[in-house]
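With the sequences and hints as input, model every part of the structure.
Next come the chains, spelled out residue by residue.
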Amino acid sequence: MSPATTLYRGHEGMWMWVVHRTTGIAIFFFLLVHVLDTALVRVSPEAYNEVIGSYKTPLYAIIEAGLVAAIALHAFNGLRVIAVDRSTWALRHQRQLVWAVWIGFAILMLGFLPRHLMHAFGGA
Amino acid sequence: MTATAEAPAKAGAVPSMTVTLKILRFDPDGLDGREPGSEYWEEFTVEAHATDRVLDALHKIKWDIDGTLAFRRSCAHGVCGSDAMRINARNRLACKTLLKDLNPARPITVEPIKGLPVEKDLIVDMEPFFASYREIMPFLMTSGPTPERERLQSPEDRAKFDDTTKCILCAACTTSCPVFWTDGQYFGPQAIVGAHRFIFDSRDEGEWDRLEILNDKAGVWKCRTAFNCTEACPRGIEVTKAISEVKRALTTGTV
Amino acid sequence: MATEHEFDVVIVGAGGAGMRAALESSQRAKTAVITKLYPTRSHTGAAQGGMAAALSNVEDDNAEWHTFDTIKGGDYLVDQDAAEILCNEAIDAVLDLEKMGLPFNRTPEGKVDQRRFGGHTRNHGEAAVRRACYAADRTGHMILQTLYQQCIKQEVEFFNEFYALDLILDGDPQAAGEDGEVSVSGVVAYSLASGEIHTFRAKSVIFATGGAGKVFKTTSNAHTLTGDGMGIALRAGIPLEDMEFFQFHPTGLAGLGILLSEAARGEGGILRNSEGERFMERYAPTIKDLAPRDMVARAMANEVREGRGCGPNKDYVLLDLTHLEPAHIDAKLPDITEFARTYLGVEPYTEPVPVFPTAHYAMGGIPTTVQGEVLRDNTHVVKGLYAAGECACVSVHGANRLGTNSLLDINVFGRRAGIAAAEYANATDAIPTLPADASAGLEQTVASLRATVRGDGTERVAQLRRELQETMDMNVQVFRTAESLAEAHAVVKDLQERYKNIAIHDRGTRFNTDLLEAIELGFLLELSEVVVAGAEARKESRGGHYREDFPTRDDENFMQHTMAYKRADGTVELDWKPVVVTRYQPMERKY
Amino acid sequence: MMAQAPDLTAPKRPVSHSTLGRAQRWSWIFQRVSGVVLIVLIFTHLFINLWSGDGINQIDFAFVAGKLASPFWQWFDFLMLTLAMIHGANGMRMVIDDYARKPAWRATLQWALRIATVVIVVLGTLVLFTFDPCPADADPSLLPSICEDI
Ligand SMILES: Cc1cc2nc3c(=O)[nH]c(=O)nc-3n(C[C@H](O)[C@H](O)[C@H](O)COP(=O)(O)OP(=O)(O)OC[C@H]3O[C@@H](n4cnc5c(N)ncnc54)[C@H](O)[C@@H]3O)c2cc1C
Ligand code: HEM
Ligand code: SF4
Ligand code: F3S
Ligand code: FES
Numbered sequence: 183m184s185p186a187t188t189l190y191r192g193h194e195g196m197w198m199w200v201v202h203r204t205t206g207i208a209i210f211f212f213l214l215v216h217v218l219d220t221a222l223v224r225v226s227p228e229a230y231n232e233v234i235g236s237y238k239t240p241l242y243a244i245i246e247a248g249l250v251a252a253i254a255l256h257a258f259n260g261l262r263v264i265a266v267d268r269s270t271w272a273l274r275h276q277r278q279l280v281w282a283v284w285i286g287f288a289i290l291m292l293g294f295l296p297r298h299l300m301h302a303f304g305g306a
Numbered sequence: 093m094t095a096t097a098e099a100p101a102k103a104g105a106v107p108s109m110t111v112t113l114k115i116l117r118f119d120p121d122g123l124d125g126r127e128p129g130s131e132y133w134e135e136f137t138v139e140a141h142a143t144d145r146v147l148d149a150l151h152k153i154k155w156d157i158d159g160t161l162a163f164r165r166s167c168a169h170g171v172c173g174s175d176a177m178r179i180n181a182r183n184r185l186a187c188k189t190l191l192k193d194l195n196p197a198r199p200i201t202v203e204p205i206k207g208l209p210v211e212k213d214l215i216v217d218m219e220p221f222f223a224s225y226r227e228i229m230p231f232l233m234t235s236g237p238t239p240e241r242e243r244l245q246s247p248e249d250r251a252k253f254d255d256t257t258k259c260i261l262c263a264a265c266t267t268s269c270p271v272f273w274t275d276g277q278y279f280g281p282q283a284i285v286g287a288h289r290f291i292f293d294s295r296d297e298g299e300w301d302r303l304e305i306l307n308d309k310a311g312v313w314k315c316r317t318a319f320n321c322t323e324a325c326p327r328g329i330e331v332t333k334a335i336s337e338v339k340r341a342l343t344t345g346t347v
Numbered sequence: 008m009a010t011e012h013e014f015d016v017v018i019v020g021a022g023g024a025g026m027r028a029a030l031e032s033s034q035r036a037k038t039a040v041i042t043k044l045y046p047t048r049s050h051t052g053a054a055q056g057g058m059a060a061a062l063s064n065v066e067d068d069n070a071e072w073h074t075f076d077t078i079k080g081g082d083y084l085v086d087q088d089a090a091e092i093l094c095n096e097a098i099d100a101v102l103d104l105e106k107m108g109l110p111f112n113r114t115p116e117g118k119v120d121q122r123r124f125g126g127h128t129r130n131h132g133e134a135a136v137r138r139a140c141y142a143a144d145r146t147g148h149m150i151l152q153t154l155y156q157q158c159i160k161q162e163v164e165f166f167n168e169f170y171a172l173d174l175i176l177d178g179d180p181q182a183a184g185e186d187g188e189v190s191v192s193g194v195v196a197y198s199l200a201s202g203e204i205h206t207f208r209a210k211s212v213i214f215a216t217g218g219a220g221k222v223f224k225t226t227s228n229a230h231t232l233t234g235d236g237m238g239i240a241l242r243a244g245i246p247l248e249d250m251e252f253f254q255f256h257p258t259g260l261a262g263l264g265i266l267l268s269e270a271a272r273g274e275g276g277i278l279r280n281s282e283g284e285r286f287m288e289r290y291a292p293t294i295k296d297l298a299p300r301d302m303v304a305r306a307m308a309n310e311v312r313e314g315r316g317c318g319p320n321k322d323y324v325l326l327d328l329t330h331l332e333p334a335h336i337d338a339k340l341p342d343i344t345e346f347a348r349t350y351l352g353v354e355p356y357t358e359p360v361p362v363f364p365t366a367h368y369a370m371g372g373i374p375t376t377v378q379g380e381v382l383r384d385n386t387h388v389v390k391g392l393y394a395a396g397e398c399a400c401v402s403v404h405g406a407n408r409l410g411t412n413s414l415l416d417i418n419v420f421g422r423r424a425g426i427a428a429a430e431y432a433n434a435t436d437a438i439p440t441l442p443a444d445a446s447a448g449l450e451q452t453v454a455s456l457r458a459t460v461r462g463d464g465t466e467r468v469a470q471l472r473r474e475l476q477e478t479m480d481m482n483v484q485v486f487r488t489a490e491s492l493a494e495a496h497a498v499v500k501d502l503q504e505r506y507k508n509i510a511i512h513d514r515g516t517r518f519n520t521d522l523l524e525a526i527e528l529g530f531l532l533e534l535s536e537v538v539v540a541g542a543e544a545r546k547e548s549r550g551g552h553y554r555e556d557f558p559t560r561d562d563e564n565f566m567q568h569t570m571a572y573k574r575a576d577g578t579v580e581l582d583w584k585p586v587v588v589t590r591y592q593p594m595e596r597k598y
Numbered sequence: 443m444m445a446q447a448p449d450l451t452a453p454k455r456p457v458s459h460s461t462l463g464r465a466q467r468w469s470w471i472f473q474r475v476s477g478v479v480l481i482v483l484i485f486t487h488l489f490i491n492l493w494s495g496d497g498i499n500q501i502d503f504a505f506v507a508g509k510l511a512s513p514f515w516q517w518f519d520f521l522m523l524t525l526a527m528i529h530g531a532n533g534m535r536m537v538i539d540d541y542a543r544k545p546a547w548r549a550t551l552q553w554a555l556r557i558a559t560v561v562i563v564v565l566g567t568l569v570l571f572t573f574d575p576c577p578a579d580a581d582p583s584l585l586p587s588i589c590e591d592i
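Chains U, X, P and C, in that order, are what the protein sequence lines are. Under the numbering used here, think of the first position of the first sequence as 183, with each following residue one higher. Under the numbering used here, think of the first position of the second sequence as 93, with each following residue one higher. Under the numbering used here, think of the first position of the third sequence as 8, with each following residue one higher. Under the numbering used here, think of the first position of the fourth sequence as 443, with each following residue one higher.
Any given hint could be a false lead.
As the list claims (entries may be wrong) - Computed list of lysine-lysine pairs in DSS-like fashion (alpha-carbon distance at most 30 Å, straight line): (1) C:Lys-544 - X:Lys-309; (2) X:Lys-192 - P:Lys-321; (3) P:Lys-106 - P:Lys-160; (4) X:Lys-206 - C:Lys-544; (5) P:Lys-546 - P:Lys-295; (6) X:Lys-206 - X:Lys-114; (7) P:Lys-37 - P:Lys-390; (8) U:Lys-238 - C:Lys-544; (9) P:Lys-597 - X:Lys-252; (10) X:Lys-309 - X:Lys-252; (11) P:Lys-597 - P:Lys-295; (12) P:Lys-321 - P:Lys-507; (13) P:Lys-160 - X:Lys-206; (14) X:Lys-252 - P:Lys-390; (15) P:Lys-546 - P:Lys-584; (16) X:Lys-333 - P:Lys-106; (17) X:Lys-309 - P:Lys-160; (18) X:Lys-252 - X:Lys-333; (19) P:Lys-160 - X:Lys-333.
As the list claims (entries may be wrong) - Heads up, incomplete: computed chain X residues facing chain P, CB under 8 Å, no partners named: (20) Asp-156; (21) Val-171; (22) Arg-226; (23) Arg-250; (24) Trp-273; (25) Arg-295.
Calculated directly from the structure, the hints in this document are not laboratory data. For every residue, glycine included, the Cβ atom is placed at its ideal position computed from N, Cα and C.
Below, the structure is given as structure tokens:
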């Protein structure tokens, strides 16, 4: 048995790679499920509404918020990655751009979350 | 022995201190009753000056405490590329890392670089790394008759690949790359740096042969811009930039 | 017992000299290169400033002026026929490297750029001339990389991390006399990775193992520069030439010894003492800071001695670059300024850098002819044995090497040795079988290794080495006297005794670097004795060898090379060899 | 003497075509191009479904069917579906390549991925284009308002 080695202490770039990869995988699996449940519209309105109805729980609302967060992070970081490969300026400022990604992400979530949670928990 | 172990220039000003090194050992022979191939952490405490390098501390251990500790080193000032290792969980050259730049309050962890087979303690098998380097045909390729005098090259053209000529093949970049760790099939950033040095040399005519190789499965597209390589390079080479320039050459079809 | 290999040519060492030789020899004959380091780790890669050649790309220059400078710089102990070859072939040597792809700095017209360097002058000393071809302050790095790249192209066969232990000769070099014949049979090497012994039988063997700077404590040399090749030759009965001539480079980072290239002064850097005075104006009025290294190093040591040193202990002087444009420094001297920042925390843009002489280069070594053939006495060669680079002494550097002439030396004579070795091999019928007594010798080598590893000695390798280096720094450095040398001699002798009782901690077979350091220390101890013995016998001051008790050059008695032999009983015996003079009569060396 | 030296301004050798044909390169470009397009598509999708109107609560058969009755949204969703699936599957392919070391295991995963992707894309497309917003036998209260006209 070999003893635990340390975790490599990469900087922002490495962690954003981890984030990008995990969010990408998460979104992919969500998408599989999402297409399947949407496909129920082809079966019957009742079937669809039943499944969708069961999604309208607080737990699912939080999962949904997580999904939006994942997409936002993945998308903004995707733009950063594209920029880094295209422009030397972006490449040299990639660490600042990581902060830009997080700030953009924060703004989006601040705008989205209250309204979404209102919808989800605010009754109706 | 290194002279730094003794009082360096600003002697009076340099306080001495006690540092602990926590080293990941690998014993291929199975000495002192260990299983051959056992891996274990071992701590050593040495007296050092703040201006000493990690290499000096390793030497103190090897020379005065435990002669079995094995690591590579030669030049001791960051130009030969022998002593890349993981110090406090980051790839660095032991001879270029001053103790004072690490937090001496906690043990300094020292491990072999990651992703290459360990042979003994901090020594890894460098063959796969050099094989990738050889793969990209790192030598000038020209056609036509050899000129009598030098091939001319403007200072501007010379500047285009200056950065990547600095590479000392230390492997700090390649073994810091999370993609390289995953399956070990990626050529790794160093091979791209090595290719870049020739692709952007105006005298060279083999750029498309090399680009062809880097266009492969194990090539440049594996890079996920994690930037560990650039941050690890002891020569300050903008490795990710070089990789980007190679990608750009491949997408635009022009060098 | 030992794995056996057969080659036409075996090259020991993969620095600049070894790989330059390999490029020639592998084109002509089946060649192997064995090296204790990966080729790109060789210390040629540390060379900074440049490589001399009278290309006349930026200023009028010619090979004859270069030859004169080399001979005068070497304080007339240079073999002039060899110096002529060196300087005449310099131009092609640089152009060859350029054609191999070496990225030299360029002039605006796109030609190889050139810079000034110590001791290189126009028209026999009129003024400094721009002769050094360079790639920033990484010239050696570029040479090493380029040669390695060419070796990859030519698929040269490397045995990396193979440590040469012994040379197998057919015949005894010291007993062969006038008519006898001694020839090479092969090399014994130790594989670091497996701990196995390998024998390489070969028609020719080239030694290119580099310098021996680790004899001293403060040195610009790598930890691995332990003079193995010289030591192996000496033990095999081959003499060493001019070993007392060791170059102390003026500008090592104070306390550390890490080199700051002479290019720093070539680009305009100035040495100052504690009074801020540009003291070299007093020692060399014409070329000042660009005087040859021995003169500058002595001047610096003298300033410190006379109390004009800087710092808390007044033990160094300052290299001032602050008047240079930061952009210029970045373009021409990026690495060395980085060294000052990293290791001393000094910012060279704004602060002068503390410097002091550091042991740098062995002018002496294994004596060879201009074809690289190794001499076993003043005239006879060992057939099939060659040497090139810093471990060899063709004597182009005499008593003091000019900066940039070594990178030139390794290329010119590395190439020559490679060609000669391959041609000799091709003219020889069969790969020699090992002579009858060789296997006994081999067994002895293995047995002694085993004994060392298993032994129960008590002396620590590191401790002996420390004591050796300290005594060498103290007594055999820039200034030497009969007393200091006698002291050093006694210490070395004592250390040699204690060496017999060393302890090896590591009892493993794989990557036993502990054992390796012990073997290296053995070579260092033997070479130190030769250095000291030569210095004691040479009762004059010439080039890098300065005797305070004999402060002047004595052409009458000492215008000759020292030849040191190790006799069977372990004593070092000295002999002399005449200097080859072609057209330059000794003159007083003034700059 | 300099006659043989190359002209500094001479162009380098032209592009070799096989180089431009490699899949890795197209895959890389595709990730970027599709990523940019997906941003527009996905954010619009999320905005309409989760933000505007009643947010998550409004989603039911009527809502979906109402949207899908229009060819614009049909094509919009089709593009989003295929791009996202190919982008995602291509990404997953790289992830599998990186972590699945055993060739057999790797091949299995890659095939599973391919099959899943094709199934989902085909299924999704069928749903989008064969979808009837006003199924005849359904409870009219569940249907979108457009069905009242029929
Ligand atoms: C810091 C520094 C700067 C310098 N700058 C300049 C400069 O600007 N201009 C200039 O002209 N000169 C310069 N020099 C001098 C010059 O660089 C060296 O003299 C020259 O590079 C020596 O080359 P080499 O091939 O002989 O040896 P090295 O490059 O030292 O190579 C020695 C080789 O031998 C191998 N080896 C050694 N022992 C064994 C063994 N027992 N078994 C197997 N292999 C072995 C090693 O692995 C290595 O490959 C500088 C030197 C230093 C130290
Ligand atoms: C919203 C807009 C999106 C953008 C801008 C975007 C951008 C990108 C980019 C540029 C990459 C390549 C990363 C690299 O080469 O380093 C990538 C990878 C990936 N994307 Fe997206 N993407 C988006 C949406 C999606 C969606 C919807 C999915 C899931 C279905 C997804 C899954 C993935 C996966 C799995 C990867 C591979 C990750 C890896 O290899 O590390 N992406 N994305
Ligand atoms: S690019 Fe930098 S980190 Fe990578 S091998 Fe070269 S010098 Fe080392
Ligand atoms: S760390 Fe690896 S992913 Fe790319 S940017 Fe460097 S090669
Ligand atoms: S020992 Fe040469 S790079 Fe560290």
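Okay, the hints, checked on the actual structure:
1. C:Lys-544 - X:Lys-309: holds, 17 Å
2. X:Lys-192 - P:Lys-321: holds, 25 Å
3. P:Lys-106 - P:Lys-160: holds, 14 Å
4. X:Lys-206 - C:Lys-544: holds, 20 Å
5. P:Lys-546 - P:Lys-295: holds, 28 Å
6. X:Lys-206 - X:Lys-114: Status holds; Cα separation ~17 Å.
7. P:Lys-37 - P:Lys-390: holds, 18 Å
8. U:Lys-238 - C:Lys-544: violated, 42 Å
9. P:Lys-597 - X:Lys-252: At roughly 44 Å apart (the allowed maximum being 30 Å), Lys-252 of chain X and Lys-597 of chain P break the hint.
10. X:Lys-309 - X:Lys-252: Given that 30 Å is the threshold and the Cα spacing comes to 27 Å, the pair holds.
11. P:Lys-597 - P:Lys-295: Satisfied, since the Cα-Cα distance of roughly 11 Å is no more than 30 Å.
12. P:Lys-321 - P:Lys-507: With Cα atoms ~40 Å apart, Lys-321 of chain P and Lys-507 of chain P exceed 30 Å; violated.
13. P:Lys-160 - X:Lys-206: holds, 29 Å
14. X:Lys-252 - P:Lys-390: Violated - the C-alpha atoms of Lys-390 of chain P and Lys-252 of chain X are around 48 Å apart, more than 30 Å.
15. P:Lys-546 - P:Lys-584: holds, 16 Å
16. X:Lys-333 - P:Lys-106: At roughly 27 Å apart (the allowed maximum being 30 Å), Lys-106 of chain P and Lys-333 of chain X satisfy the hint.
17. X:Lys-309 - P:Lys-160: holds, 24 Å
18. X:Lys-252 - X:Lys-333: holds, 12 Å
19. P:Lys-160 - X:Lys-333: Given that 30 Å is the threshold and the Cα spacing comes to 27 Å, the pair holds.
20. Asp-156: holds, 6 Å
21. Val-171: Val-171 of chain X check passes; min Cβ-Cβ to chain P is 5 Å, inside 8 Å.
22. Arg-226: holds, 5 Å
23. Arg-250: Check passed: Cβ of Arg-250 of chain X comes within 5 Å of chain P, closer than 8 Å.
24. Trp-273: violated, 22 Å
25. Arg-295: holds, 7 Å
Against the hints set out earlier in the document, violations occur for numbers 8, 9, 12, 14, 24.
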